[in-house]
Amino acid sequence: MLAFLIRSLEAAMIFTFAGLGELVDQRSGVLNVGLEGIMLFGATLGFIAAQTTGSYLVGFLVGIGIGALLGLLHGFFSITLGVDQVVSGMGIWIFGFGMTTYIGNPYTGPLGLERLPTWFGISPFFFLAIIMVAVVWFLLNKTGWGLSIRSVGEQPSVAEVSGLKVARIRYLCVIFGGVMAGFAGAVYGLYYNPVWNYNFLMGWGFISLALVFFSMWNPYLLFGGAVLFGLLWQLSLNPQMFFPGLASRYIWRMVPFAMTILVLILISSKWFRSRWGATTPEALGKPYYKE
Amino acid sequence: MPRTRDAEPIELHGDIWKHIQPGEVILDARGITKRYPGGVLANDHIDFKIRAGEIHAILGENGAGKTTLMSILFGLLQPDEGEIYVRGLKVNFRSPEDAIKMGIGMVHQHRKLVPAHTVLENILLGHPKSRGVINVKEAEEEIEAIAQRYGFRVDPRARVWQLTEGEKQVVEIVKALYRGAKILILDEPTSALTPVETERLLESIETMTQEALGVVPFITHKLPMVLAISDQVTILRRGRVVDRLETAKATEQILAQKMVGRPVIFDLQKPDVTPGKPVIQVENLSARNNKGVIALKNASFTVREGEILGVAGVAGNGQHELAETLMGLRPAEGGRILFEGQDITHRSILDRWKLGLGYTPAERTEVGSIGDFTLVENVAMNYYFDKRYNHAGFLDYGGLRQLTEQIIEDFDVATPGPDVKIQTLSGGNLQKIILGRVLSRQPKLVIANLPAQGLDVGATEFVQRKLLEARSNQAAVILISEDLDEILSLSDWIAPMYEGEIVDIIPAAEARKDLIGAMIAGLHREN
Chain A
10 MLAFLIRSLE AAMIFTFAGL GELVDQRSGV LNVGLEGIML FGATLGFIAA
60 QTTGSYLVGF LVGIGIGALL GLLHGFFSIT LGVDQVVSGM GIWIFGFGMT
110 TYIGNPYTGP LGLERLPTWF GISPFFFLAI IMVAVVWFLL NKTGWGLSIR
160 SVGEQPSVAE VSGLKVARIR YLCVIFGGVM AGFAGAVYGL YYNPVWNYNF
210 LMGWGFISLA LVFFSMWNPY LLFGGAVLFG LLWQLSLNPQ MFFPGLASRY
260 IWRMVPFAMT ILVLILISSK WFRSRWGATT PEALGKPYYK E
Chain B
3 MPRTRDAEPI ELHGDIWKHI QPGEVILDAR GITKRYPGGV LANDHIDFKI
53 RAGEIHAILG ENGAGKTTLM SILFGLLQPD EGEIYVRGLK VNFRSPEDAI
103 KMGIGMVHQH RKLVPAHTVL ENILLGHPKS RGVINVKEAE EEIEAIAQRY
153 GFRVDPRARV WQLTEGEKQV VEIVKALYRG AKILILDEPT SALTPVETER
203 LLESIETMTQ EALGVVPFIT HKLPMVLAIS DQVTILRRGR VVDRLETAKA
253 TEQILAQKMV GRPVIFDLQK PDVTPGKPVI QVENLSARNN KGVIALKNAS
303 FTVREGEILG VAGVAGNGQH ELAETLMGLR PAEGGRILFE GQDITHRSIL
353 DRWKLGLGYT PAERTEVGSI GDFTLVENVA MNYYFDKRYN HAGFLDYGGL
403 RQLTEQIIED FDVATPGPDV KIQTLSGGNL QKIILGRVLS RQPKLVIANL
453 PAQGLDVGAT EFVQRKLLEA RSNQAAVILI SEDLDEILSL SDWIAPMYEG
503 EIVDIIPAAE ARKDLIGAMI AGLHREN
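Sequence order for the protein chains is A and B. Going by the numbering used here, the first sequence opens with residue 10, and the numbers climb by one from there. Going by the numbering used here, the second sequence opens with residue 3, and the numbers climb by one from there.
Rather than coming from a laboratory, the hints here were simulated on the basis of the structure. A few of these clues could be false.
[As the list claims (entries may be wrong)] Now the stretches of chain B that chain A is said to cover, found in silico as 3 or more residues with beta-carbon under 8 Å:
# : segment
1 : 50-61
2 : 417-431
[Unchecked claim] From the structure, some residues in chain A lie toward chain B, with a derived Cβ separation under 10 Å:
#  : residue
3  : G107
4  : Q164
5  : A168
6  : E169
7  : L173
8  : K174
9  : F209
10 : G212
11 : K295
In this text, a Cβ means the ideal position worked out from N, Cα and C, and glycines have one as well.
Start from the sequences and build out the full structure, keeping to the hints where you can.
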């Protein structure tokens, strides 16, 4: 039972890392649906680097580095070139999916390093995730940097005439989003599930993406959602623990994704939005061109 | 100069703003030239000087180069030639940030504020003080001090989307002053204000000039405003300075003539028309706005043949919902609409067009026209159902083309021809063609929603003349306008609106501007 809970919270911390980056990214007006691709890259390259050098540190750094690069790439497409952000993000996902399958295939199997240490049975990264949630919330709501980010995501032309550099702020935010996604991927591949396999991330990037919408762009709600989905995920793996004999395990495996769809439909509904106030960043997904 | 604690914004631009003498030249623009791709000269060697403590209005029609000049002064555009000196120091603005740092503040006609943010957040945005953790209390006090000094009222915690246009403008002005603006550029400062708000703004501007700020309003259509407040006026036409004069020596006639390049008739001759039978009778009509709130409450009125009903009000008081409900673009929540005695409350939009209603929307580019379509195709929008141009489902493009050419001629539309895309037309010409296609149907009722909004003096006069012409031809006209002068000079009956209600219906002969101004500001209710 305790192991079940711990695994759930550890899944939640990975959703949280990836989701926080995406949340900041979206708050600045850039949508990155390629989260899954960046996480796959972070997980795979981090895995290979750690296995080759025998150093976890190198693995995490490589994961973060590739995340930053892919964030930059998405920024170049969506900010500088003004490409449709969904198209660019989908491109990154397909690229990530294909490339990591090709690169990672020879490394199929376990990492083969000593497991990372835990505190009281849970990864220290979990506490890092909680701290980051608070830090990101504070940054977004109590500081001038956060004000700049939110303004760029709401009305970029207003930010521009107020003397801000819209493109620079958006670049910083997508790169931050990439770094967080790459790091989340590395935590997954080096700690949570250190066995490389074809598509071993299993759609966690998409769940993280959905969580950002679920959170209504609030870091605390994001964390709450992440814990909920972590539990749901764990339940889908071990349904017999709570509901022995109820439905086949294949149906249970579907539950988190079905829930994702339901949640997205609910929060996109007119009823929900008018009840909770439209918090969607006004300029989300829209390229900005100087007048 | 009164000193309040912390009221003095931190110096962003070194010492260049120390010891300003009233009357001293603080901004000197020399030979500003801007060419757009395609060779259009938007600004052709424009020179002007702004002095401390002076209100220097820049006057020009749409397309005279005002927007370009404003953008150059604020760093949004870079001039191809020419120099700008701020207190004798040559400056080169690459972005608004550079201009702001040199003490230039801008108050935009289309407000540049984030609606979802609070007033405080909007004012702080981009301010050097907002780096790092924001000290909300201190900032609130400083903003309060500035507001008090100039006689403004602001609530730093209110969200901008809740504010009226006038309150938003105040936020923009305070924002500019908080950033240390010494030269304030105002784009059409009074176009969205009620008379009461205008009065208050002018008082605040007076205070600013006493503190040796330079104030530069850019104005297209409110000529009385120029005369009321400015000391100097520079008039632009086709990208050039055509004249520069002291306001004391100018009259409205002189200014308009220089601006348009030909004499403009101000006193519209309203011919005597004997009203006929009622065309439209509205009874207790109610409707919701886009947010689902009842925005039109129990409106009742009658308009007869040959009458103009002027619906006066500040944007967002239900006039828009009224126009859309009458035309069927918005469902009626209650009440009914009788058109020539026939209940049309639930009839389709197409039926209403066929019955003889005509509508010119306020949103000319979003609702009134399709930018990528040609003039002919846009004219067809009001004719495709007409038996004269639709033969068993086939459109008679030859006939429509002739019709469009006729409209272009009758309505004096400046265009290379009927086959260009309508988005190439300027605002005034676009409105002329929209009005033309409606009036050419000889409708029994014309609903004109903000027909002259944003148009220059020449086009405004033209549009107003055409509406009077429709009235002479026994059409009933519902004129929705935020410009009280327009309402007073055209209407037979005046219906001031406030918060979705028609406050009163007053015969034009008995209407007083101050009373109507108070009614649309909610200060005067009468049954």
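Can L173(A) be said to touch chain B, with a Cβ gap under 10 Å?
Holds. Min distance 5 Å.
Are E169(A) and chain B close enough, Cβ to Cβ, to be under 10 Å, as the hint says?
Because about 7 Å separates E169(A) from the closest Cβ in chain B, which is inside the 10 Å limit, the hint holds.
Does the closest beta carbon of chain B sit nearer than 10 Å to the beta carbon of K295(A)?
Violated, because the Cβ-Cβ distance from K295(A) to chain B comes to roughly 14 Å (cut-off 10 Å).
Restraint: G107(A) near chain B, CB-CB cut 10 Å. Satisfied or not?
At 38 Å from the nearest chain B Cβ, G107(A) fails the 10 Å test, so the hint is violated.
Mind checking, does the segment 50-61 of chain B have 3 or more residues with a CB under 8 Å from chain A?
violated (count 0)
Let me know if the C-beta of F209(A) comes in closer than 10 Å to any C-beta of chain B, holds or violated.
violated (40 Å)
Agreement of hint K174(A) with chain B interface, Cβ distance less than 10 Å:
Status holds, d = 8 Å.
Hint check: is the beta carbon of G212(A) less than 10 Å from a beta carbon of chain B?
Hint on G212(A): violated, closest Cβ of chain B at ~32 Å, above 10 Å.
Take the segment 417-431 of chain B, compare each residue's beta carbon with every beta carbon of chain A, and decide whether three or more fall closer than 8 Å.
violated (count 0)
Residue hint Q164(A), partner chain B, criterion CB-CB below 10 Å
Holds, because the Cβ-Cβ distance from Q164(A) to chain B comes to roughly 5 Å (cut-off 10 Å).
Let's test the interface hint: is any C-beta of chain B closer than 10 Å to that of A168(A)?
holds (7 Å)
In summary, the structure is inconsistent with hints 1, 2, 3, 9, 10 and 11 from the numbered list given earlier, while agreeing with the others.
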